[in-house]
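**Student:** Sequence:
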Amino acid sequence: MSTEYIIRDFLEVRSAGGASFSPDGTRVAYQSNVTGTSQVFLVPAEGGEPEQLTDFQDSVSFARFSPTEDVLIFGKAEGGNEQTQLYLLDLATRQITEITARPNVRHDFGGWSRDGKSICFASNERNGKDFDVYVMDINTLETRCIFDGGEWCAAEGFSPQATYVVVRKKHSNSNTDLYLCHLETGTVDHITPHDGNVFYAGSFWLPDESAFFFVQDHAREFKGLARYSLAERKSQYVLSPDWDVEGVAIDRIGKNIAVTVNEDGYERVTIYDAIRFEPRPYHLPAGNVYQTRFSESGSQIAFSLGDSRRTSDVWIHSLETGESRQLTHSRQGVPPEAMVEPELIRFASFDGLPVPAFVYRPKGIKPGMKVPVVINIHGGPEEQYQPAYHPVMQYLVHSGYTVIAPNVRGSSGYGKSYMALDDVEKRLDSVKDVIALREYVTGISDMDTKKIALYGASYGGFMVLACMAFYPRLWAAGVNIVGIVNFVTFLENTAVYRRALREAEYGSLENDRELLRKISPIHSIEKIEVPLLLIHGENDPRVPLSEAKQVVERLKEAGRHVELLTYPDEGHGIVKLQNRLDAYPKAVEFLNKALAYQPSNETR
1 MSTEYIIRDF
11 LEVRSAGGAS
21 FSPDGTRVAY
31 QSNVTGTSQV
41 FLVPAEGGEP
51 EQLTDFQDSV
61 SFARFSPTED
71 VLIFGKAEGG
81 NEQTQLYLLD
91 LATRQITEIT
101 ARPNVRHDFG
111 GWSRDGKSIC
121 FASNERNGKD
131 FDVYVMDINT
141 LETRCIFDGG
151 EWCAAEGFSP
161 QATYVVVRKK
171 HSNSNTDLYL
181 CHLETGTVDH
191 ITPHDGNVFY
201 AGSFWLPDES
211 AFFFVQDHAR
221 EFKGLARYSL
231 AERKSQYVLS
241 PDWDVEGVAI
251 DRIGKNIAVT
261 VNEDGYERVT
271 IYDAIRFEPR
281 PYHLPAGNVY
291 QTRFSESGSQ
301 IAFSLGDSRR
311 TSDVWIHSLE
321 TGESRQLTHS
331 RQGVPPEAMV
341 EPELIRFASF
351 DGLPVPAFVY
361 RPKGIKPGMK
371 VPVVINIHGG
381 PEEQYQPAYH
391 PVMQYLVHSG
401 YTVIAPNVRG
411 SSGYGKSYMA
421 LDDVEKRLDS
431 VKDVIALREY
441 VTGISDMDTK
451 KIALYGASYG
461 GFMVLACMAF
471 YPRLWAAGVN
481 IVGIVNFVTF
491 LENTAVYRRA
501 LREAEYGSLE
511 NDRELLRKIS
521 PIHSIEKIEV
531 PLLLIHGEND
541 PRVPLSEAKQ
551 VVERLKEAGR
561 HVELLTYPDE
571 GHGIVKLQNR
581 LDAYPKAVEF
591 LNKALAYQPS
601 NETR
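Note that our numbering has the sequence shown beginning at 1, numbered continuously upward.
Warning: the hint list may mix true and false statements.
Said to hold, decoys possible - In the DSS-like style, the derived pairs of lysine-lysine whose C-alpha atoms are separated by at most 30 Å in a straight line are:
(1) 451 / 556
(2) 129 / 170
(3) 451 / 426
(4) 426 / 370
(5) 426 / 518
(6) 451 / 255
Stated by the list, open to error - Ranges between beta-carbon positions, derived for each pair:
(7) 51 / 97: 41 to 51 Å
(8) 150 / 443: 24 to 34 Å
(9) 492 / 145: 52 to 62 Å
(10) 443 / 589: 25 to 35 Å
(11) 6 / 369: 39 to 49 Å
(12) 137 / 524: 19 to 29 Å
(13) 51 / 354: 24 to 34 Å
FYI, nobody ran anything at the bench for these hints, they're computed from the structure. Here a beta-carbon is modelled for each residue, glycine too, at the ideal position from N, C-alpha and C.
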C-alpha cells in the first residue's frame, strides 16, 4: 500500500529561485520561502550552507547583486498591497537602507548600470496612475526622471556604457512600445512605431552598444527574438520559433545568449552564439527552466528548475565544464514518485476550436470506478496554466480527484490570435470553452459527471462564477479565489494605475458599460444553487474584497450555501504559509463535503 499524505505535507514544500551572482561569481543570492514568506539568502556558488539575509513578515519580490560591489537591491511590499519599495543591502555591514521610502507609491525595478553607480526603475509617484521611469545615483540617492510619457511604463535596463535606458510602454498586455532614452542629451527615440497590437519587451545589449536584442511578435503569431541595430535604426528577427520566446539572458561580453521558449506550456532553454546565432552544445537538465542569469564573467549560468512533481530550486551550469549542479535543496515532504505527471490533451470547443488542457489522473483507478473532477481555471486572462508544482492540485489528485486545467481561449502561449479570442464582446466564449470541456468529460468512463467542481483564482475566479451563474445545473461546487464578479465595480475600484490596461482587455466604463454588465455574473448570481467558497485577501489592489462581499450578500439573501474566508495581511492571492495552511485545507474540506466525497486509499 502506498503512503498516505495529508494536505499539509504538500503545502509545506519549499522553493527557491531568482538567482543573482555576486560580482566575482563566488556567491549567489536567491529567494526562498523556507521561513514561510519569500526572503533573501546567500550561498557559495560551489555549494554550501545558505545564510539568510532578510527576515520580514512580508515576502521579498526580487534581489539583484550590484555588478561591481557586495551590495544588493531588493524589493518588498506590505501585506500584499503591491506598493513595492526598494532597499539596499550592504553585505559588509548587513545594513539595510530603504532607498525609496514612499509607502503609497509602487516601484518597479529595472536594473543596475554595469559600473554599479546607478539603478533604473519605474514608479507612479507623479499622479498615482502613470508610471514614469527614473535613474537613481546609488551613492547619493539623487533621482531624476528620464521618461514621463504616460501610461504604464517600465525600465528595461541600461546599455553597457549607460548611454541609454530602454523604456517599455504598455498600451495593453498585447500591445507595447519601446523607447530609447539617451541619458546625456535627454533625447527619446520611439523605435517601434506600429499599427495594431504588437508586443515588444526587453533590452539585451552587445557590449559595444551597437545593437540590442528584444522580444517581439511583429508580423508573427508567436513572439520571436529580434536584433535592433543602432546604426541602421531598424530591427530584424534572429530567432523565429513556432512558440513564444519568453525569457532572454546575455552575458556581459556578448558571447552567449540564453533563450527560453515556451513549447506548449513547457519552458525550454537553448544557449546560442550571440553573433552568429548558432546553438551552443550546452544542455541544461530536464524540466521547466526559468530565470536564467549569467555570472559577470560569463562562465556560469544560474537558473530555476522544477516540474509538475518537483519544487523549484536554483541550479548552476558551468559553460567551461558543461556540467550542471543543484545549488539549493528545498524541502519537499512528498516524494516525486507519489505525485502525478499530467497528460496534455486537446478537446474541441463549441466552435471546433482545439483547446489544450492538462489532465491529472489519480493512481490506481480500478475498472468501473468513477472519480470526482475539479476543473482548475487559471487567471490572467492572458496567462497560461503550465505543468509546474501545484500543491493543492497534487493533493486533490492524491486524494482521488481527477484535476483538469484548461488553457481556454484568451490564454497566452498559443499565438496572439488565440489570445485575442476572448477580447471585449467575445468574453463569454471562454466560458463556453469550459462548458465544452464538461461535455468532453461526459465521454470518459472513469470521471463522475455528477461530481464536477470548479476552482479558479483572479480571472479564473470570474470564470468559476460565470460558469456557475450562467450554466448553474452543470456543477457540484465552486471555489473562487480573489475573483471578479462585477466588471463595472471591479474597474471602478481596482488600483487606478491598472484600470486602463484592464479596460483594453474587458471593455471601458465609458463606452462598454452595458456589455460589462451583461458579462458580469453578479446579475445572475442567484441562479447558483450549489455550495460556493470564496477566499480573498483584504489588501487586494487588483480585485478588491468588495467583489467577494457582493457575492456573499446576494447568495445569502437567496438562501444559498456560501462561505467566505478573508485574510487581513494578504493581497491578490494567499502567499504566507500560515495563511495557506489555513485556507487550502478548508478549501479541500469544503470540496469533500460539497461533493459528499470521502477520499479512499483505493484510488492511491
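**Student:** Between the beta carbons of residue 492 and residue 145, is the distance compatible with 52 to 62 Å?
**Tutor:** violated, 30 Å
**Student:** Lying within 24 to 34 Å: is that true of the beta-carbon distance residue 150 to residue 443?
**Tutor:** Since residue 150 and residue 443 have Cβ atoms about 51 Å apart, the given range 24 to 34 Å is violated.
**Student:** Would you mind confirming whether the straight-line C-alpha gap from residue 426 to residue 370 stays at or under 30 Å?
**Tutor:** violated, 35 Å
**Student:** Go ahead and decide if the range 25 to 35 Å is satisfied by the Cβ distance of residue 443 to residue 589.
**Tutor:** Taking Cβ atoms as reference, residue 443 and residue 589 lie about 30 Å apart, which means the hint holds.
**Student:** For the pair supplied as a hint, residue 129 and residue 170, confirm whether the alpha-carbon distance does not exceed 30 Å.
**Tutor:** Given that 30 Å is the threshold and the Cα spacing comes to 13 Å, the pair holds.
**Student:** Measure nothing beyond the straight line between the CA atoms of residue 451 and residue 556; if it is 30 Å or shorter, mark the hint as holding.
**Tutor:** holds, 23 Å
**Student:** A range of 24 to 34 Å was offered for this pair. Does it hold for the Cβ distance of residue 51 and residue 354?
**Tutor:** violated, 49 Å
**Student:** Take a quick look at whether residue 451 and residue 255 sit within 30 Å of each other, Cα to Cα.
**Tutor:** violated, 56 Å
**Student:** Does the Cβ distance between residue 51 and residue 97 fall inside 41 to 51 Å?
**Tutor:** Hint violated: Cβ distance 19 Å, outside 41 to 51 Å.
**Student:** Below or equal to 30 Å on CA atoms is what counts here, so check residue 451 against residue 426.
**Tutor:** holds, 29 Å
**Student:** Could you see if the CB distance from residue 6 to residue 369 stays within 39 to 49 Å?
**Tutor:** Roughly 23 Å apart at Cβ, these two residues miss the hinted range, so it is violated.
**Student:** Indicate whether the distance between the beta carbons of residue 137 and residue 524 respects the range 19 to 29 Å.
**Tutor:** violated, 56 Å
The structure is inconsistent with the numbered hints 4, 6, 7, 8, 9, 11, 12, 13, although it conforms to all the rest.
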